[in-house]
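Colleague: Sequence:
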Amino acid sequence: MEKNEHLPHPSEKQTLEDKNRFERMVNTIPVMLYDSVLDPAGTSRFLYVAPGPCREILELDPGELLNDMGLVWNLIHPEDLERLYQEDLAANLEGKVFNSEVRIITPSGRLKWLRINSKPNPASPGEPVIWSGFLQDITESRKAEEERNRLANLVDVAPAAITIHDPDGNFLYANQKCLDMHGYTREEFLALNLHELDVPETVVLFEERKRQIEQHGSASFEVSHFRKDGSIFSLHVSIRATQWENKPAVESIAVDISEQKRVEDALHESRNLLHSVVENIPIRIFWKDSELNYLGCNTAFAEAAGFSCPEDLLGKDDFQMGWQEQAEMYRADDQLVIESGVPKLGIIEPQTTPAGERITVCTSKVPLFDDDNKVIGLLGIYEDITERLKAEEELKESEYFFKESQRSASIGSYKADLVGGYWESSEVLDSIFGIDESYNRSIQGWMDLVHLDDRERLETYLSEEIIGQKKAFAKEYRIIRHNDGETRWVYGLGALTFNRDGHKLSLLGTIQDITDQKNKEEERKTLENQLQQTQRIEALGRLAGGVAHDFNNMLSIILGHVEIAKRKEAVSPALHQHLDQIHNAAKRSADIVRQLLAFARRQTVTPKILDLNDTIRGMFTMLKRLIGEEVELAWSCENMLWPVKVDPGQIDQILANLCVNARDAIEGFGEINIEVINKHCDGIFCAEHKGLSRGDYVLLSVTDNGSGIEEKNLEKIFEPFFTTKGVGQGTGLGLATVYGIVKQNDGYIDVQSKPGEGTTFLIYFPRFTGENVGSQVEPGASLVERGKETVLLVEDEPAILDIGRQLLELQGYRVLTAETPGEAIRLAEEYTGDIHLLMTDVVMPEMNGRQLAKKILTLYPDIKRLFMSGYTADVIAHHGVLDDGIHFIHKPFSLDDLTTKLREVLDSSGY
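Residue 422 in the numbering used here sits at position 418 of the sequence shown; the count goes up by one each step and never skips.
No wet-lab data here; the hints were simulated from the structure. Mixed in with the good hints there might be a few duds.
Stated by the list, open to error - In the EDC-like style, the derived pairs of lysine to aspartate or glutamate whose C-alpha atoms are separated by at most 16 Å in a straight line are:
no., residue 1, residue 2
1, Lys123, Asp202
2, Lys524, Asp554
3, Lys868, Asp838
4, Lys522, Glu480
5, Lys479, Asp457
6, Lys251, Asp375
7, Lys720, Asp754
Build the full structure now, drawing on both the sequences and the hints.
Modeller: Below is the structure:
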């Protein structure tokens, strides 16, 4: 007995065997059983783990896991860790069953899905809680579920309505095409019975369809359904028996044939004709057995295969069809569907038709199952997409053309997502904005490109009018290009898009670079302003010309009588002084008229070929006296100056007016600089100076360091009577006169000035390139002799005729007077002596002075001619009086002017 003292007791032996059997069992089942303890301090640890499953599932040593529970937490996928911790904590705190699914990454790097389940065992308060549970590897089931979801998604995009319902007609599944056809949501549709969709005429066929399914496993028929909105449409349906969650069910594939039905009703064709129309729709349907032999097809498919009817291809395979070149490829696709039991959708494949034509087809193939869920064949739907692909290529070409058109027109497109805040833009728009793919493509990023002066206005426009009032976007604004900082003008168009609930989704539109148009618009406005200014000046010129004649005539009478009165012996000194005042006032009045006509470019001038240096040199001393001693006058010139053709007196007027204005702008001591240089103006320079033509010029500039001109006055300074001087300090005609003289000589005038920085006037006279370029020198003044010749004086104004006669007789001339051209011709015909000079007004009744002179020349071929007028230069020129070689004196004229001119004409060798 002593030897048996260490033998196990029968009950102990039984316990050991049970333990071993338990260990074998827990190591065999594909789950890892475990016990863990949670002590009152909140610390958890494993009490037991099944060794085999621990190594198989977690790839961890059970001994290490018992010592360190954190090894399990280290395996948890980072994206699931926080969620699992919160669920575990909640289960511990509430003492509830813990159940969760989580991903782990094993030490070997494998990704697994685990189901974790544990349950607390009852414990007394304050005692540790024992949690018993298991870990199960559900990786394969999760993959299968994902695969099922993927297949379901593929079925959802099928071009036919696919449904599954139980034998009583209760729907179990419907793809998206079916939902779209009927107008229901998925929840609404799955709550329906087939009887609720069938119209009354087809409800009675339900039992027949059930019988066909029971007898043949499949059926094909036409049916009419109600949509949710009550409208009716027709379907061509193929059904077969199937399983759904291991229960008998019916699977159907339906094609909307409503259009064909409507054609049938409209044409009142027979049932066979309607069937023919349906069969010939461009949807080709076929089905094969598991050996890949054709079991059936529609007419469209049969014809595409080169057969006259579907029955002709029954039992054949693809190697017996007209597309033998692709038969092996088709068989491989079919075999994959048969073996995997998974649909293959949207297969793009080439095909050679029986006629030898190369086309492209798009095929979707779905496996067919029997009652035991065994694949017994496949169903295929395919269409010829050759034309569609061609259209897509044409669309690509069209898109390319569109993009190129955008590029040519500088028009880019955009989409501003109002929900997500992001902003998309086309390649052309990126180029306009100077951005690339790295730029912040958000609505704020767009706004950051808008010019600061326009940004707030544009943001208000977007928020209040476009988004707030749902208006269309149409706005011009400036941007600062991101890459080079250049300012550009753009014109944006756009419209809001909305979802079904009316919520604003995005702003879609185009943006065009209109910088060139804006520049042209600004140029146009500038030209319009210049035109308006010119028109104002022309209007004033016409006004000045209109009054010049009568005013000059009156001044001629006043000056003439003053000249005669001053020569009377009985005139007292006091009266002589009064006459001097009258004479001076008349002369000043004549000067004002002359200034007005100079501004209007209508004064009579005698242009001469000049070297401006010589002209300025002769006037320089007078200019110094004119501006006074406090202002220093300097003059610099270029040697070999180009000649110009201008009236010397006009140059005197320009310099006098500019120097006087400069002096008035200087307070106290200052400087005035006159400079004359040769200047070639090229195209670029002329583009910056509107109104200046390309060519050679002599540039006369007058610069002062005075108070300068305010910007608001720069556009007005050449307008007559505009002045910034005080009352009585200026007439406002000085610069207007300068402007008129420059324009009359085809020149250009510019002014550069800023307040406090002085002013520079720049005058461009065209270079004279004609003959006789040498300088012309005025003959020196000489003592004028009294006259003794006979003068025929013709003037239609009696008062001027009388004073003219008196002035001529005062100088010793014999005078014949006539008020009209007719009277002058009569006098010339009757006069028996010589008439040496015809002095005639230019504009008269009956005929003008030039015509009268021609008449008189027939009577006196050697007679000299002197024309006079108070009209403006344009009127005189119109009558041909200002032509070269013609003698002319402008009213009003003094006695000395008249005497000098008479001797010049009478002593000349010409006429």
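Colleague: Indicate, hint by hint, whether the structure satisfies it.
Modeller: Hints versus structure:
no.: 1; hint: Lys123 - Asp202; result: violated (51 Å)
no.: 2; hint: Lys524 - Asp554; result: violated (45 Å)
no.: 3; hint: Lys868 - Asp838; result: holds (12 Å)
no.: 4; hint: Lys522 - Glu480; result: holds (10 Å)
no.: 5; hint: Lys479 - Asp457; result: holds (14 Å)
no.: 6; hint: Lys251 - Asp375; result: holds (10 Å)
no.: 7; hint: Lys720 - Asp754; result: holds (13 Å)
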